[in-house]
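Chains as they are written, first to last, in the working numbering: chain A, 3 to 273; chain B, 3 to 273.
Honestly, I wouldn't trust all of these hints.
Partial pick of chain A residues on the chain B-facing surface, computed with a CB cut under 10 Å [what the hints assert, rightly or not]:
(1) 32
(2) 33
(3) 103
(4) 161
(5) 236
(6) 240
To be clear about the criterion: a stretch of chain B counts as covered by chain A if any three or more of its residues have a C-beta under 8 Å from a C-beta of chain A, and this derived list gives those stretches [unchecked claim]:
(7) 8 to 22
(8) 44 to 55
(9) 240 to 248
Since the hints were made in silico from the structure, they are not lab data. Glycine is no exception: its CB is placed at the ideal position from the N, C-alpha and C atoms.
Number of protein chains: 2
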Amino acid sequence: MAQRSVFFISDGTGITAETLGHSLIAHFSGTTFKQIRLPFMDTPEKASVALRQISQAETEDGNRAILVMTLVNSKIRTIFESSGAFCMDLFGTFIEPLTKELGQTPVSAVGMARGVGSIEYRERLEAINFTLRHDDGLHDDGLAEADVILVGVSRVGKTPTSLYLAMQFGVKTANYPLIPEDFERLQLPGSLAEHRAKLFGLTIAPDRLSKMRQERRPDSFYASLDNCRAETRLAEDMMQKEDIRWIDSTTRSIEEIATAVLQEVGIKRNL
Amino acid sequence: MAQRSVFFISDGTGITAETLGHSLIAHFSGTTFKQIRLPFMDTPEKASVALRQISQAETEDGNRAILVMTLVNSKIRTIFESSGAFCMDLFGTFIEPLTKELGQTPVSAVGMARGVGSIEYRERLEAINFTLRHDDGLHDDGLAEADVILVGVSRVGKTPTSLYLAMQFGVKTANYPLIPEDFERLQLPGSLAEHRAKLFGLTIAPDRLSKMRQERRPDSFYASLDNCRAETRLAEDMMQKEDIRWIDSTTRSIEEIATAVLQEVGIKRNL
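Based on the provided sequences and hints, a complete structural model is requested.
Below you can see the structure in the form of structure tokens.
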């Protein structure tokens with residue numbers, strides 16, 4: 003299989019370039035992609051060093067490199083464009099048409115979105131702190147402040163989804179486990195009932211749940227397929243009875259679950 | 003100020019479209035952007051509903067809308083292109099030239115990157131679990147498994163940076179607080195010394211640290227500017243003495259700190 007080196011180049015973190023680059027190369031299964039991050043490319047000197055690295059990769063691959071760039075500085079952009087590599091220039095491609103559309107001169111500063119001083123940034127940090135403090139039913143106080151409260155059985159994916167909601171979208175997310183005691187009492191854990199409008203459930207296929215629990219406690223009753231079948235069924239019954247919206251996390255990534263939760267709960271803030 | 007509605011449209015989560023869209027509109031300070039997420043646009047019916055929403059926004063704004071799209075399905079793409087809105091079509095723009103460059107037909111499946119079944123995805127989940135378990139010096143065992151161990155005074159930004167490294171890059175990140183007792187003994191907490199190569203320090207301007215600590219414990223000695231000055235100076239002295247690389251987090255976002263840590267520690271995996 004052909005090998006191609008893909009460089010994500012930015013005068014900022016390069017996370018935007020990497021995110022788009024990833025989803026573009028995922029469309030091509032016939033090539034092995036070697037991916038290299040080149041962040042903070044903010045001087046011609048750094049660009050020159052990078053050019054040598056690119057040229058070396060091209061020699062090793064026997065193919066020209068692919069550059070995915072988000073460079074605010076147009077001089078640095080020109081340096082990379084002159085490399086002879088295949089360039090996908092995200093800012094160069096879209097900023098000019100957008101400038102015409104808006105009839106307004108663009109400001110050029112690196113890493114302006116989500117900057118440290120912004121309100122959005124502070125809200126994200128607050129959301130992360132809130133989410134950590136309200137992981138796994140740790141604290142009942144402050145649930146009134148939550149934007150959403152995820153519920154579900156142990157290992158269904160509540161914690162990573164909560165953290166993603168906080169980190170990516172600035173959404174204060176608590177999560178609360180549904181445990182066998184709740185099923186016996188046939189009712190929601192006490193402190194949750196009053197926050198019903200914010201509740202959102204996750205469920206999962208029993209065999210997948212069993213596999214994930216095996217990793218934590220091998221050969222336990224907790225991880226057994228029978229128990230996982232019983233717990234997910236009881237949790238789903240309870241969510242139905244209590245009229246809680248829920249989705250199945252089995253084939254969904256954290257990003258997909260988080261996006262679906264946002265959409266269902268209808269959270270508008272922080273965008 | 004003119005208002006424009008920006009729609010992030012995808013048959014997947016739309017996170018890629020949103021990420022790039024954010025950094026593009028951040029260049030234009032003369033417009034108020036109203037941002038709307040339209041994920042999971044995978045049927046013509048959903049697209050038709052969305053078209054009405056777009057057209058309504060255009061009436062309200064008195065300006066045509068801006069669509070940032072990552073649509074794998076070209077039929078759905080055509081529906082949105084016919085709307086008369088200003089379109090920035092990320093896949094449409096780059097997939098074709100990339101197809102020519104690679105000489106290979108693209109596969110079209112939604113949300114292929116970072117899918118649930120992939121090794122990369124499992125590694126990210128493992129990294130998140132590891133990072134939570136090793137937050138704030140919680141567990142000494144397993145530090146050998148860490149890719150990086152962040153150290154620094156309380157509230158310097160260790161936890162959010164650790165979580166970001168795990169979530170975005172799949173890097174197993176432990177973090178360990180440097181506390182006054184360590185400074186009195188003039189040495190690193192016992193369990194850290196043997197993992198010196200993985201240590202990375204964060205520091206921060208004393209006045210900013212004081213502000214952040216005030217939010218947690220108002221008017222405490224802990225939060226006082228004098229104490230924050232003393233702690234950061236002692237922490238920096240110790241890091242210098244112990245030959246630990248470190249950066250200042252004062253004006254850097256979580257993304258910027260995480261990217262810098264990756265670069266300095268030279269972690270190559272998970273890309």
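Comparing the hints with the structure gives:
1. 32: With a minimum Cβ separation of about 5 Å from chain B (threshold 10 Å), the hint on residue 32 of chain A holds.
2. 33: holds, 6 Å
3. 103: Holds. Min distance 5 Å.
4. 161: holds, 7 Å
5. 236: violated, 25 Å
6. 240: violated, 25 Å
7. 8 to 22: Since 8 is at least three, the answer is holds.
8. 44 to 55: Violated - the stretch 44 to 55 of chain B has 0 residues with a Cβ nearer than 8 Å to chain A, which falls short of three.
9. 240 to 248: violated (count 0)
Checked against the numbered hints given earlier, the structure breaks hints 5, 6, 8, 9 and satisfies all the rest.
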